[in-house]
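For the sequence shown, the working numbering puts the final residue at 576, and the numbers step up evenly by one.
Please keep in mind that the hints were generated in silico from the structure rather than gathered at the bench. Warning: the hint list may mix true and false statements.
[What the hints assert, rightly or not] Beta-carbon label-pair distances, calculated as ranges: (1) GLU184 with PRO230: 31 to 39 Å; (2) ASN161 with GLU184: 58 to 66 Å; (3) TYR234 with LYS311: 46 to 54 Å; (4) PRO100 with PHE253: 13 to 21 Å; (5) ASP268 with ARG552: 43 to 51 Å; (6) GLU108 with GLN82: 18 to 26 Å; (7) ASP513 with PRO100: 49 to 57 Å; (8) SER248 with ARG126: 44 to 52 Å.
[Stated by the list, open to error] Pairs of lysine-lysine residues, derived as PhoX-like cross-links and limited to a Cα-Cα distance of at most 20 Å, are as follows: (9) LYS364 with LYS487; (10) LYS165 with LYS133; (11) LYS452 with LYS376; (12) LYS84 with LYS170; (13) LYS376 with LYS465; (14) LYS170 with LYS150; (15) LYS95 with LYS308; (16) LYS364 with LYS330; (17) LYS105 with LYS150; (18) LYS105 with LYS299; (19) LYS160 with LYS133; (20) LYS84 with LYS94; (21) LYS363 with LYS524; (22) LYS465 with LYS94; (23) LYS95 with LYS442; (24) LYS84 with LYS299; (25) LYS413 with LYS482; (26) LYS540 with LYS524; (27) LYS413 with LYS452; (28) LYS299 with LYS376; (29) LYS465 with LYS311; (30) LYS465 with LYS556; (31) LYS311 with LYS487; (32) LYS413 with LYS442; (33) LYS312 with LYS413; (34) LYS487 with LYS524; (35) LYS487 with LYS540.
From a predicted model like this one, the values you see are computed outputs, not experimental measurements. The beta carbon of each residue, even a glycine, is placed where N, CA and C say it ideally should be.
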Amino acid sequence: MKPETQTKLFSALKKKTYLGVLLAICAGNAYAIEEQTQPQATKAEEAVVEQKPAMITIPQEKLFEVITARAKKLASEPYVAPKDLELEALTSIGYQDYRAIRFRTEQAIWKDESLYEIQLFHPGFLYKSPVAINTLEKNAEVKSLPFKTDYYRYDATAAPLEQEISKATENAQLGHAGFRLHFPLNNNEYKDEVAVFQGASYFRLVGPHQVYGISARGLAIDTALSSGEEFPVFREFWLVKPAPEDTTIVLYALLDSPSVAGAYRFELTPSTNTEVKTEMQIFARKDIKKLGIAPLTSMFYHGENSTKFFDDYRPEVHDSDGLLMQSAQGQWVWRALNNPKKLSVTSFSYDSPKGFGLAQRDRDFNNYLDTEAHYHNRPSMWIEPINDWGKGRVELVEIPTDTETNDNIVSYWVPEQAMKAGDNLSFSYKLSTFNATLATQDKASVLRTRIGSAALPGEKNPPPKSHRQFTVDFSGENINQLSANFALMADLNISAGQISDKTVQQLPNNQGWRVAFKVAPEGDKPVDMRLSLKLRDKEISEVWSYVWYPNDVQ
23 MKPETQTKLF SALKKKTYLG VLLAICAGNA YAIEEQTQPQ ATKAEEAVVE QKPAMITIPQ
83 EKLFEVITAR AKKLASEPYV APKDLELEAL TSIGYQDYRA IRFRTEQAIW KDESLYEIQL
143 FHPGFLYKSP VAINTLEKNA EVKSLPFKTD YYRYDATAAP LEQEISKATE NAQLGHAGFR
203 LHFPLNNNEY KDEVAVFQGA SYFRLVGPHQ VYGISARGLA IDTALSSGEE FPVFREFWLV
263 KPAPEDTTIV LYALLDSPSV AGAYRFELTP STNTEVKTEM QIFARKDIKK LGIAPLTSMF
323 YHGENSTKFF DDYRPEVHDS DGLLMQSAQG QWVWRALNNP KKLSVTSFSY DSPKGFGLAQ
383 RDRDFNNYLD TEAHYHNRPS MWIEPINDWG KGRVELVEIP TDTETNDNIV SYWVPEQAMK
443 AGDNLSFSYK LSTFNATLAT QDKASVLRTR IGSAALPGEK NPPPKSHRQF TVDFSGENIN
503 QLSANFALMA DLNISAGQIS DKTVQQLPNN QGWRVAFKVA PEGDKPVDMR LSLKLRDKEI
563 SEVWSYVWYP NDVQ
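With the sequences and hints as input, model every part of the structure.
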């Protein structure tokens with residue numbers, strides 16, 4: 023069947039037939055397999071996906087249903103891994119050569135037609151499994167975006183690649199590494215990057231005057247298990263073309279992996295922050311040991327609470343400095359991040375939580391002194407469930423790292439009920455960028471966490487190095503103006519060891535309140551601590567949560 027015939031056919035089909043035909047056409051992706059009359063492919067051409075664009079019609083209100091049906095069908099079949107690039111010029115390309123391939127801004131999709139523009143990423147380097155990208159036009163026509171060397175400038179050392187790639191793709195399709203969305207985020211004269219989808223199921227967002235840092239993911243599977251982590255991938259995307267003045271854009275994605283297949287709908291709206299309403303439905307091929315919903319991935323190299331020496335002129339280096347959570351009852355919990363000596367996995371049990379996220383709360387340049395990475399402008403991200411997530415846990419994974427180039431922090435929601443082969447699950451949530459704190463936080467928050475030796479200056483018989491002095495500073499409109507005559511109480515609980523020298527005092531110039539105390543661990547047992555401020559038995563701050571590992575000190 024020719025593409026133009028397919029386009030006319032769908033409007034007359036009933037729902038069941040409609041889905042069946044679309045599934046048949048979309049069995050691999052939104053491309054039609056080349057007819058057998060095509061000439062025999064050369065060896066170079068076999069290195070790429072031997073497909074050409076096809077055009078079909080799918081009303082937007084039916085698209086998520088179609089992708090969901092396709093995901094369900096995929097999950098019922100044995101997993102077939104995406105075909106990797108075999109074009110040596112791209113698989114062996116180095117970092118500098120890959121960076122020299124730049125998208126031509128004048129080739130942006132929807133340029134001058136919408137507030138949004140799409141720019142594509144060239145396959146190759148780390149991105150060896152190309153994805154299919156489609157647009158959905160207002161007439162419901164689905165158009166695939168074929169790879170073209172015309173989209174790119176091959177500068178400097180990448181210049182020789184242009185001719186080789188053009189020849190290899192004369193009768194075949196290469197696909198894309200991903201895409202980025204541009205939008206007038208900071209002013210009306212320039213369209214900034216607001217979102218990037220590239221690599222596995224990773225995507226990144228920024229709000230106004232922020233720079234990329236933390237990443238979100240579609241799904242996490244078996245994170246931090248000895249059996250190894252599985253990384254699902256978005257195999258295909260559908261981007262709905264907005265009207266000229268629309269400030270919201272809708273994207274769809276098909277996710278696949280050895281364990282699951284799934285359909286995703288993203289509704290992205292940049293404003294004073296950037297919000298993405300996410301709807302997902304996943305189907306299990308096999309039993310899953312640990313399912314991570316709404317995963318966030320970040321980096322913490324060293325910070326104000328680090329207890330080992332870092333040979334670095336910068337006082338702090340991190341994309342996020344804490345995990346923030348809110349229970350169904352409204353209690354806020356803050357867990358300061360750490361670069362541990364050994365792998366650390368911490369769980370926080372909840373029933374229908376209001377949200378969780380990784381935050382970059384410290385936004386003072388003087389605490390980073392990095393004029394290139396701009397860590398003080400990295401985004402914080404908040405996950406807010408839309409439907410009832412029921413019982414489960416927020417899990418925080420902290421991985422030892424000796425470089426800032428490694429993401430070593432992961433957080434996600436783990437449902438209480440494990441997902442078994444044949445199961446399907448649906449989740450909806452809103453992902454939002456923010457800066458230091460959320461507008462909905464109505465209690466004092468942790469300003470800083472400092473850790474040092476519990477020994478007194480000049481002490482002749484100091485305690486072991488594992489004995490530590492903690493100072494936790496709280497700040498907020500509700501406590502900063504309180505009189506020093508108020509007797510604020512520190513509600514501090516620990517899982518093991520002993521507490522001594524606990525004090526509560528007001529900071530100078532109405533900057534907040536400090537709780538100081540010493541901890542003596544019980545042997546090598548980790549010390550799990552929870553601390554909040556109370557006024558007349560009423561909790562007036564978020565809960566500070568921290569785990570001290572006696573062997574972490576060096």
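Evaluated hints:
1. Distance hint check for GLU184 and PRO230: the Cβ-Cβ separation is about 37 Å, which falls inside the suggested range of 31 to 39 Å.
2. Separated by about 34 Å at the C-beta atoms, ASN161 and GLU184 break the suggested range of 58 to 66 Å.
3. TYR234 and LYS311 have their C-beta atoms about 31 Å apart, which leaves the hinted 46 to 54 Å range violated.
4. Against the hinted window of 13 to 21 Å, the Cβ-Cβ separation of PRO100 and PHE253 comes to about 19 Å, which satisfies the hint.
5. The hinted range of 43 to 51 Å is satisfied by ASP268 and ARG552, whose Cβ atoms lie roughly 46 Å apart.
6. Range check, GLU108 to GLN82: Cβ separation about 36 Å, and the 18 to 26 Å hint is violated.
7. For the pair ASP513 and PRO100, the beta carbons lie near 54 Å from each other, so the given range of 49 to 57 Å is met.
8. Between SER248 and ARG126, the C-beta spacing of about 46 Å keeps the proposed range 44 to 52 Å intact.
9. Distance restraint check for LYS364 and LYS487: the Cα-Cα separation of roughly 18 Å lies within the 20 Å cut-off, and the hinted pair is therefore satisfied.
10. Of the pairs offered as hints, the one joining LYS165 and LYS133 holds, with about 16 Å between alpha carbons and a cut-off of 20 Å not exceeded.
11. The hinted pair formed by LYS452 and LYS376 meets the criterion: a straight-line CA distance of about 11 Å does not exceed 20 Å.
12. Taking the CA atoms of LYS84 and LYS170, the gap is near 30 Å; set against the 20 Å cutoff, the hint is violated.
13. Between the alpha carbons of LYS376 and LYS465 the distance comes to roughly 16 Å, so the proposed pair stays at or under 20 Å and holds.
14. Of the pairs offered as hints, the one joining LYS170 and LYS150 holds, with about 17 Å between alpha carbons and a cut-off of 20 Å not exceeded.
15. Only pairs whose Cα atoms come within 20 Å are accepted, and LYS95 paired with LYS308 is accepted, the gap being roughly 14 Å.
16. About 13 Å separates the Cα atoms of LYS364 and LYS330, which keeps this hinted pair within 20 Å; it holds.
17. A threshold of 20 Å between alpha carbons decides the hint, and for LYS105 with LYS150 the separation of about 9 Å falls inside it, so the pair holds.
18. A threshold of 20 Å between alpha carbons decides the hint, and for LYS105 with LYS299 the separation of about 31 Å lies outside it, so the pair is violated.
19. Proximity of LYS160 to LYS133 is assessed by CA-CA distance (about 16 Å); at most 20 Å being required, the pair is judged to hold.
20. Restraint check for LYS84 and LYS94: the C-alpha separation of about 15 Å stays at or below 20 Å, so the hint holds.
21. Straight-line distance between C-alpha atoms of LYS363 and LYS524 comes to about 27 Å, which puts the hinted pair past the 20 Å bound.
22. Taking the CA atoms of LYS465 and LYS94, the gap is about 44 Å. The hint is violated against a cut of 20 Å.
23. A hinted pair counts as satisfied when its Cα atoms are at most 20 Å apart, and LYS95 with LYS442 qualifies at roughly 16 Å.
24. Of the supplied pair hints, the one linking LYS84 and LYS299 holds, its CA atoms being roughly 18 Å apart against a limit of 20 Å.
25. The suggested pairing of LYS413 with LYS482 is violated, with an alpha-carbon distance near 52 Å, which exceeds 20 Å.
26. Taking the CA atoms of LYS540 and LYS524, the gap is about 7 Å. The hint holds against a cut of 20 Å.
27. For the given pair, LYS413 sits about 19 Å from LYS452 by alpha-carbon distance, which is consistent with the 20 Å threshold.
28. In summary, the hint linking LYS299 to LYS376 is supported, as the alpha carbons are separated by about 15 Å, within the 20 Å threshold.
29. Our distance criterion of 20 Å between C-alpha atoms is broken by LYS465 and LYS311, whose separation comes to about 37 Å.
30. With a CA separation close to 11 Å, the supplied pair LYS465 and LYS556 stays within the 20 Å bound.
31. Annotation: proposed proximity of LYS311 to LYS487 is violated, straight-line Cα distance about 38 Å (limit 20 Å).
32. A distance of roughly 17 Å separates the Cα atoms of LYS413 and LYS442; the hinted pair therefore holds under the 20 Å criterion.
33. The suggested pairing of LYS312 with LYS413 holds, with an alpha-carbon distance near 15 Å, which does not exceed 20 Å.
34. Under the criterion of a C-alpha separation no larger than 20 Å, the hint pairing LYS487 with LYS524 is consistent with the structure, at around 19 Å.
35. Between LYS487 and LYS540, the direct Cα distance comes to roughly 12 Å. Compliance with the 20 Å bound is thereby established for this hinted pair.
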